[in-house]
Amino acid sequence: MSAEPGGGAAPAVLWRWDSEWPADTAEFCPTPPYRHLLLSGTYRLREDQPADTPPEECQRDGRLHLLDCGRRRELQRLDTAAVLDVKWSPAPVSGRPLVAAADARGRLLLFRLTDAETGPRLEPVASRAVAEPGRLALALEWCSPAVGPARLAVSDSSGAVTVLQLAEDGRELNVLWTNVCHGHEAWTCGFKHSDGNVVYTGGDDLLFRGYDIRLDPACPVFTNRSHEAGVTSVQSDYLTEHTLRTGSYDEHLYVWDDRAMRRPLERAPLPGGVWRIKRHPHRADHVLTACMYGGSHVTDAAGAVVASFLEHKSIVYGADWCRLDGGGGGEEKVDRTPATDGLTTGAAGDAAGDGGDVVNGDGDTERHRVCSSGDTSVAVTCSFYDHLLCLWEI
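Residues in the sequence shown are numbered from 1 upward in steps of one, following UniProt numbering.
Hints in this document: simulated from the structure, not taken from any laboratory. Yeah, the Cβ is synthetic: ideal placement off N, Cα and C, and Gly gets one too. Any given hint could turn out to be false.
Label pairs and their computed distance ranges (CB to CB) [unchecked claim]: (1) P50 x L239: 48 to 54 Å; (2) A167 x E266: 38 to 44 Å; (3) A10 x D79: 34 to 40 Å; (4) L239 x A218: 43 to 49 Å.
From just these sequences and the hints, can you work out the full model?
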């Protein structure tokens with residue numbers, strides 16, 4: 001870890017968890033009263049395959065891990081194909097939180113969070129192929145619930161991006177639009193926060209593009225060539241209108257005004273490829289980044305680093321903010337006592353952990369404080385070959 005510039009306190013590790021297989025994504029549930037829950041995905045290439053197996057024929061396994069950050073334990077694990085991305089629905093669908101996963105078989109998987117007698121559980125509700133056989137689904141994003149029906153965008157390793165709309169009951173995915181947007185892998189995709197018809201895409205061909213799915217897919221709204229390597233992440237700022245951020249293998253964070261896409265407003269250097277960008281849910285001056293071999297960094301709105309988390313010794317792919325705030329009252333809590341040395345691991349349902357309290361049916365504890373209160377915030381990051389997930393506070 002490193003201290004904040006100007007002598008600020010270093011990020012404090014709250015929990016280290018061993019995912020057993022390489023971890024590449026981690027996302028907090030945004031829906032009360034489940035915001036203490038975290039979903040992580042893993043990706044493992046089978047070792048018993050011949051060395052000359054073509055990439056499109058390689059077998060990749062994965063797991064989804066539902067974690068309780070109040071008791072610091074695993075609640076559930078689901079075996080799947082390798083998981084490349086997971087995202088929770090920004091609002092409940094038919095009264096329940098949903099979470100989507102993109103997997104190595106080119107599928108979009110949909111799960112509903114339910115309340116079982118033993119605690120929260122994920123149950124599968126839908127699956128849809130979104131890529132050709134042998135291709136991987138790479139990234140996904142939900143559109144804002146404020147702009148209409150629930151939609152998802154999914155990118156794949158052929159360079160295509162698909163937009164799907166979810167039926168009202170949350171059990172059927174219908175394709176609205178699909179297009180080959182890039183000549184190589186489409187590493188990232190996302191929606192304009194205020195318009196579910198505008199989709200942003202980024203690819204290994206160095207191109208950053210915008211599309212209006214109501215128009216001819218052969219005619220992007222814009223094509224930008226400012227990145228010096230593959231475009232790996234994009235996020236439309238949901239608190240600052242017209243602001244976009246992109247990341248790239250070129251080790252820069254770009255800030256854009258979507259009304260003037262010829263050149264970025266800012267091009268800020270970061271120590272590693274910017275694989276994931278997460279705007280703080282409440283603070284305009286905190287943007288979380290997963291920078292692959294360069295660790296994880298929190299920047300201000302313009303891209304200047306204000307804090308760094310360097311606990312990981314492998315590629316950092318996953319990063320997210322906990323969405324609890326100081327107004328949470330008696331809602332769910334996250335254990336913010338410092339982590340002990342070593343890793344926590346354990347099968348689903350085991351009370352493994354360093355210092356977890358018993359949590360009641362509302363996810364509450366007697367001594368745990370809410371996640372983001374005052375000037376502090378809690379983030380999660382995960383890394384690949386060392387299969388390490390860290391919960392930390394700044």
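Results for each hint:
1. P50 x L239: 48 to 54 Å: Given a distance of about 50 Å, which is inside 48 to 54 Å, the answer is holds.
2. A167 x E266: 38 to 44 Å: Between A167 and E266, where Cβ atoms are some 40 Å apart, the hint holds.
3. A10 x D79: 34 to 40 Å: Once the Cβ atoms are compared, 37 Å apart, the range 34 to 40 Å for D79 and A10 holds.
4. L239 x A218: 43 to 49 Å: 34 Å, violated
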